[in-house]
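Note that full-length UniProt numbering numbers the sequence shown so that position 31 is 31, with each residue one more than the last.
Worth double-checking, as some hints may not be accurate.
Claimed, not checked - Taking lysine to aspartate or glutamate pairs in the DMTMM-like style, the calculated list, with each CA pair at most 25 Å apart, reads:
(1) Lys4 x Glu29
(2) Lys28 x Glu38
(3) Lys4 x Glu38
These aren't lab readings, by the way, just hints derived from the structure by calculation.
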Amino acid sequence: MNLKIPVSLLTSFLGSRKTTLFNRILSKEHSLRIAVIENEFGEACCLT
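Just need the whole structure built from these sequences, with the hints factored in.
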């Protein structure tokens, strides 16, 4: 059995509206089964 699963990878800088895009995709009614795996990382800014 040779099952292929389509995958999309979305990367960008922090604060570039990725979460907004995910929320729009996941809140729409359609016949697709969608899974989202989120791995947030970035630099933290410190006040001195």
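We went through each hint and held it up to the structure:
no.	hint	result
1	Lys4 x Glu29	holds, 23 Å
2	Lys28 x Glu38	holds, 19 Å
3	Lys4 x Glu38	holds, 21 Å
Comparing the model with each numbered hint stated earlier shows that all of them hold.
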